[in-house]
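Chains as they are written, first to last, in this note's numbering: chain A, 1 to 429; chain B, 1001 to 1276; chain C, 2001 to 2309.
Misleading hints may appear alongside valid ones.
[As the list claims (entries may be wrong)] Listed below are the simulated SDA-like cross-link pairs for lysine to any residue, each with C-alpha atoms no more than 25 Å apart in a straight line:
{"no.": "1", "chain 1": "C", "residue 1": "Lys-2266", "chain 2": "A", "residue 2": "Ala-179"}
{"no.": "2", "chain 1": "A", "residue 1": "Lys-235", "chain 2": "A", "residue 2": "Gly-264"}
{"no.": "3", "chain 1": "C", "residue 1": "Lys-2079", "chain 2": "A", "residue 2": "Glu-393"}
{"no.": "4", "chain 1": "C", "residue 1": "Lys-2079", "chain 2": "A", "residue 2": "Tyr-427"}
{"no.": "5", "chain 1": "A", "residue 1": "Lys-149", "chain 2": "A", "residue 2": "Ala-179"}
{"no.": "6", "chain 1": "A", "residue 1": "Lys-131", "chain 2": "A", "residue 2": "Gln-86"}
{"no.": "7", "chain 1": "C", "residue 1": "Lys-2054", "chain 2": "B", "residue 2": "Leu-1133"}
{"no.": "8", "chain 1": "B", "residue 1": "Lys-1268", "chain 2": "C", "residue 2": "Val-2232"}
{"no.": "9", "chain 1": "A", "residue 1": "Lys-124", "chain 2": "A", "residue 2": "Val-47"}
{"no.": "10", "chain 1": "A", "residue 1": "Lys-235", "chain 2": "A", "residue 2": "Ile-181"}
[To be verified] Quick list of simulated restraints, FRET-style, between CB atoms:
{"no.": "11", "chain 1": "C", "residue 1": "Ala-2085", "chain 2": "A", "residue 2": "Lys-262", "range": "37 to 43 Å"}
{"no.": "12", "chain 1": "B", "residue 1": "Leu-1256", "chain 2": "C", "residue 2": "Thr-2298", "range": "32 to 38 Å"}
{"no.": "13", "chain 1": "C", "residue 1": "Leu-2150", "chain 2": "B", "residue 2": "Met-1051", "range": "23 to 29 Å"}
{"no.": "14", "chain 1": "B", "residue 1": "Leu-1133", "chain 2": "C", "residue 2": "Thr-2298", "range": "34 to 40 Å"}
{"no.": "15", "chain 1": "C", "residue 1": "Glu-2060", "chain 2": "B", "residue 2": "Pro-1194", "range": "49 to 55 Å"}
To be clear, the hints were calculated from the coordinates, so they are not data collected in a lab. We put the CB at the ideal spot given by N, CA and C, even for glycine.
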Amino acid sequence: MIRKIGITCAVVLLLGLFVRQLARPQAAITTLSIWSHEADEPAKVAVRERVAREIERAHPGVRVVITWYDSEGLVVALKTSLPAGQGPDIFYIETDWSDLITDGYTLPLDGLIDWNTIYPWARKPWIYDGKTWAVPQEVYTDELYYNKKLLANLGFTLPPNAQFSQEQFLALVKKARAAGITPIAQGVGDRNYPGAYILTQALLHKLGLNDYGRLFGGHLSFLDPRVVAVFRWVKELVDAGAYPKNFMTLKLAESHYYFYQKPGAVMLPMGSWYTGRAFVPEDEGGQPGDFPLGIMQFPAMDDAACNECKVRAVGSSFAINAATPHRELAAEYLNAMSRPEIGTLWIDTVHLQTAVIAQGSASATLYPGYYKELMARQEGAKYFDIDPSDFLEGACLDTYVQVMNSSFPGGLLSVDEAVRLMNQACYKG
Amino acid sequence: MHNVTAPFKKTLLLLFVIACTVITGGPFLWVAALSLRTTPEIFDHPYSFPMHPHFGKFLKAWTQANYGQYFWNSTLVVVSAVFLATLLGAMAAHGLVRYPFRGTRATRFLILSGMMLPPQMLVLSLFQIMFSLRLYNSLTGLIVVYVATQLPMTIYILESFFAHIPQDLFDAARLDGYADFEIFWRIALPIGTPAVLTTALLNFIMLWNEFLYAVVLLTDNSKRTLPLGIMFFMGGHQIDVGMMATGLMITIFPVLLLYAFFSETMIKGMTAGAVR
Amino acid sequence: MASRIEAKEDAGIPRQSRDWVPLIVFLGPALVVYAGFSLFPVLKTIYNSLHVMKPHNVVEFVGLGNYRSLLTHDEIFWKAVKNTALFSVFGTVLDVGAGFLLALCLFAKVPLARFWKIVWFSPVLISYVVVGIIWVWIYDYNWGIVNTVLRWFALDALAHSWLGDPHTALWAVLATQVWKWAGFNMIVFMAALYGLPPDVLGAAELDHCGWLAKLVHVILPMLRPTVVSLLVLSLIGKMMVFDVVWIMTRGGPLWSTETVSTYVYKRAFDWNTFDLGYPSAIAVVWFILILVFVALLTGSLRQRDKLEY
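Pulled out of the complex, with its shape left as it was, chain A reads as follows (with noise of 0.2 Å):
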């Protein structure tokens, strides 16, 4: 009897699937499909699912179909199937995967797109030899978010410029942790990158734009004396118990909540789109309505080459498949993607920095005090384009995330120690 039921029930299902999988839309024309990154953030879901709509209104007989992936995912379903001249016609692309570009898989997109709405810089690090090979939808900076009120009970004062010196931001910590706050609200639980922002900065400032693209790209020994210097300093702020306790653990999006709600934390470093996190209501995990965010910049390194240098970098943008048969219907959902008021619409519901310039945002009047510091936080600055995390592969990168982001900020390592590992993974000579 079990045995039945059980049988019926699985040809049940079974006939399910086939029904579901034959049932898929055969009837309209022409089908643009789209394969994106970021499934697991309904704003920006909702977003590009709105376009996707809009387009279908304005040609009947098209269907837009989304497919939803993870960044990992969606890499090798993009390296498996364009090499095959397959793929989807629009693909979602990140600034580190340009060997799409350079392997010829896009088109170039000058003549197709209305480059109006789009900020000229965020522009820039998709042009190569001298075609414009994406359009950008998000941009950061690399910011160091802090308690305007911890700071001042702490008897601190920001200098007109909003950046500490290298001792006085050592002297900070010390003084925080003195007084039992925790004084960076970081971990390194679920993410790559966030256990490295305060030495990566360091660097990038005491090396300049040059040198640190040369560290990186393993042409810079990290037994450079500046290099050691840098390590030194932060492995002095590691030992002072700049970082939780609970640092090796602690996850990104609970790193937030640990800095604007409990236990608190005098500083937070994150790429600007903290605010999509932050700028949610409490009871969904934001900060509070009266919450006294500041944002100051990385401190100023000692005989630094660029103190006035920043991280930022292009977030998710999006390519043309060259052997799309729909190039012109392709290149029509990326304008509309990048419309003004689709640009309104994501600092809006996503809260994040757009590339498209953007107009009368109730965000930026909701919260008209942070753009206005986040603007002058970027006003002057030089900028390196892009995060470590974002362009290392293989040893190198495995090194990074071990060392760099975990176990040296973690206080495991000391700073000999660290620099060997990275040394012998990333340096080519």
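Dock chains B and C against chain A, hints included.
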């Protein structure tokens, strides 16, 4: 002397047993409690009883957090794979036992050695193969892989059971004019029901919990099975311990339900697959 | 009806050839699926392990090059081997030991034995993803039960980031693993214990043999085949461990929980290199090692009696 220490020993033993039970069962009860509480409540008092149980969380998890979709995916994949693995496995076991040929021993060895294969030996190239067959990122592809990986154990258990059915029964049926497939369907399978049920349960549990093949072969959010769904929810945007606990309960629930009804069969089944 | 006629028609055909059709019908589908999606991938993995895969679908034959660099200068691989070895040996001993202890408790006629058995077995049925997440919470620095209990007893100094410290992480994962599998070994031991001839146990009792002496001299030797099978089984399982490590630590901190399986996965899908050749070589080496181990273990503990359960 004996009389004095015996009750003392007994109490000690009982205390130990209760301690073990708290350690094994406690985490389940704790997660069950968490699943009915909201995240702010949990962060205030992680270990309190759900005073105001939020049963609505299950509805929310099902509809908004996508667990309904994951549950359907898991059910579809696992039920189909278990059905196919059991059917194909039973047929193969029957064939091996009742139709000996020159290559029987070699075939048996080939199939049974599959139980020793580490998944890592398969998963890297399966990824390539599924891609070229256009079965990558598809539930059908995952079902096929599941069937292939569960076949050796299924055949192993069923074969030994079928071998114990007296040959006379089959000869008699043949004399009665039963065709080959009818013999399998009408005689071998019904007599083998306990073993078939055991393997089906065993396969169900193993596949319901499977993670590695699923994480390599599926990427689309709408195709994720429950273990994947939960894993990605954990790495997601906000920390929502309460909602994760609800998801964990949704994952555990079918297994516990089966366990409640078939505890003895499942205990036997799980161990039968390993040591016979 | 049709089948009867068929059978009559078949009667004249020699048995040998008549049997081929049903044999193919019965064995064929399973063989096709198994060969296509288990055996073929294994062969392809071995083939891949002799190549390097580069962008643009360029596959370059390197012979044993992958194996050479793997065995000679891959520090992380050897770290992973060491961790996996520690994990397998200690995990196996603890697992089987805990299972035996639990089985003895039940065998000692504890009241409500059936109930305890069902509870103790339940972790075996739960997905590693679920188990891993629960235990990440249990080890949580701020609100996990381990540190909470320590703080209750005013042992704040012992409160620890269990999964965040390279000295404790592997052991913390190991404890989770024992928690999940002890119940499994218990059941097998129970069956073996109840399969012991009662007269032998009775005789030992008459000899005024102590409880411990009875255990060591009578019960354990008789359970030898069971112990051997469980050790082998547990060892194989642990040498392939992936899920629990991946969920709980992803091999960190400082590679202190990196196992061979997590390393294979990372090299294949996390290193941004997309070379499946090198990780395939690791998988092959490890597979051979597992086979050798199993052969050695079963060989050195050779036992005629096969465990019948």
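Here is what the structure says about each hint:
no.	hint	verdict
1	C:Lys-2266 / A:Ala-179	violated (42 Å)
2	A:Lys-235 / A:Gly-264	holds (23 Å)
3	C:Lys-2079 / A:Glu-393	holds (20 Å)
4	C:Lys-2079 / A:Tyr-427	holds (21 Å)
5	A:Lys-149 / A:Ala-179	holds (14 Å)
6	A:Lys-131 / A:Gln-86	holds (23 Å)
7	C:Lys-2054 / B:Leu-1133	holds (21 Å)
8	B:Lys-1268 / C:Val-2232	holds (19 Å)
9	A:Lys-124 / A:Val-47	holds (24 Å)
10	A:Lys-235 / A:Ile-181	holds (19 Å)
11	C:Ala-2085 / A:Lys-262: 37 to 43 Å	holds (41 Å)
12	B:Leu-1256 / C:Thr-2298: 32 to 38 Å	holds (36 Å)
13	C:Leu-2150 / B:Met-1051: 23 to 29 Å	holds (26 Å)
14	B:Leu-1133 / C:Thr-2298: 34 to 40 Å	holds (37 Å)
15	C:Glu-2060 / B:Pro-1194: 49 to 55 Å	holds (54 Å)
The structure is inconsistent with hint 1 alone, although it conforms to all the rest.
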